[in-house]
Amino acid sequence: MGYQHGEQRYLYRPHLPLQQEHAGQQHAGLLRQPGVSQTLFDLEENFDLYLCQVTEAAPLAVTLAEFSAVQQGDAVLVTWETASELGNLGFNLYRGTSPDGWDRQLNPALIPSQAPGSPSGFTYTWTDQADLAPGATYYYWLEAVDVNGTPSVHGPVSVDYVGPPPRR
Numbered sequence: 019m020g021y022q023h024g025e026q027r028y029l030y031r032p033h034l035p036l037q038q039e040h041a042g043q044q045h046a047g048l049l050r051q052p053g054v055s056q057t058l059f060d061l062e063e064n065f066d067l068y069l070c071q072v073t074e075a076a077p078l079a080v081t082l083a084e085f086s087a088v089q090q091g092d093a094v095l096v097t098w099e100t101a102s103e104l105g106n107l108g109f110n111l112y113r114g115t116s117p118d119g120w121d122r123q124l125n126p127a128l129i130p131s132q133a134p135g136s137p138s139g140f141t142y143t144w145t146d147q148a149d150l151a152p153g154a155t156y157y158y159w160l161e162a163v164d165v166n167g168t169p170s171v172h173g174p175v176s177v178d179y180v181g182p183p184p185r186r
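Following the numbering used here, the numbering of the sequence shown begins with 19 at its first residue and continues without gaps.
Since the hints were made in silico from the structure, they are not lab data. One thing to keep in mind: the hints can contain errors.
Okay, the calculated beta carbon distance ranges per label pair [said to hold, decoys possible]: (1) Arg-185 x Ala-101: 38 to 44 Å; (2) Gly-181 x Ser-116: 15 to 21 Å; (3) Gly-119 x Ala-93: 21 to 27 Å; (4) Ala-151 x Ala-83: 27 to 33 Å; (5) Ser-136 x Pro-182: 35 to 41 Å.
Glycine is no exception: its CB is placed at the ideal position from the N, C-alpha and C atoms.
Go ahead and model the full structure; you've got the sequences and the hints to work with.
Below you can see the structure in the form of structure tokens.
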């Protein structure tokens, strides 16, 4: 939020009393919460007022640092690393054969957060051996579920599964 006086622009941050003095002209105002309500007055004239919506974004339940899938032997190793898990309850992992969407959930129950409420993260792995067909491309999605039950989906990541390695 702020205002412009001539060529001079004044910007304000929420929760602060507003006061600015420029070339002997004093301008003052007050920003109130919740929402954005504002009272602004000018001790002089000739200024333009502009107002914008100020919202505070809630921190994400989980910040994902990495999400990958690679073939490992006769399975696919899915790995994800979180940078933080402030409001994360856990994860669901899904697989499909098209980037347009999944057709199966891999985990039978929510994979619990290993760093709940933490600004630090954790590394998770899942070994997928369920009905993999040689020559198929598999797509994986990760669903983070926050403490309110709200999901956020990441992905897809893909892997070309060539089949199990030859036996020696």
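So, going through the hints one by one against the coordinates:
1. For the pair Arg-185 and Ala-101, the beta carbons lie near 40 Å from each other, so the given range of 38 to 44 Å is met.
2. Our hint of 15 to 21 Å for Gly-181 and Ser-116 holds, since their Cβ atoms are close to 20 Å apart.
3. For the pair Gly-119 and Ala-93, the beta carbons lie near 23 Å from each other, so the given range of 21 to 27 Å is met.
4. Checked against the hint of 27 to 33 Å, the pair Ala-151 and Ala-83 passes, with Cβ atoms roughly 31 Å apart.
5. Taken as a hint, the range 35 to 41 Å holds for the pair Ser-136 and Pro-182, whose Cβ atoms sit roughly 38 Å apart.
No hint from the list above goes unmet by this structure.
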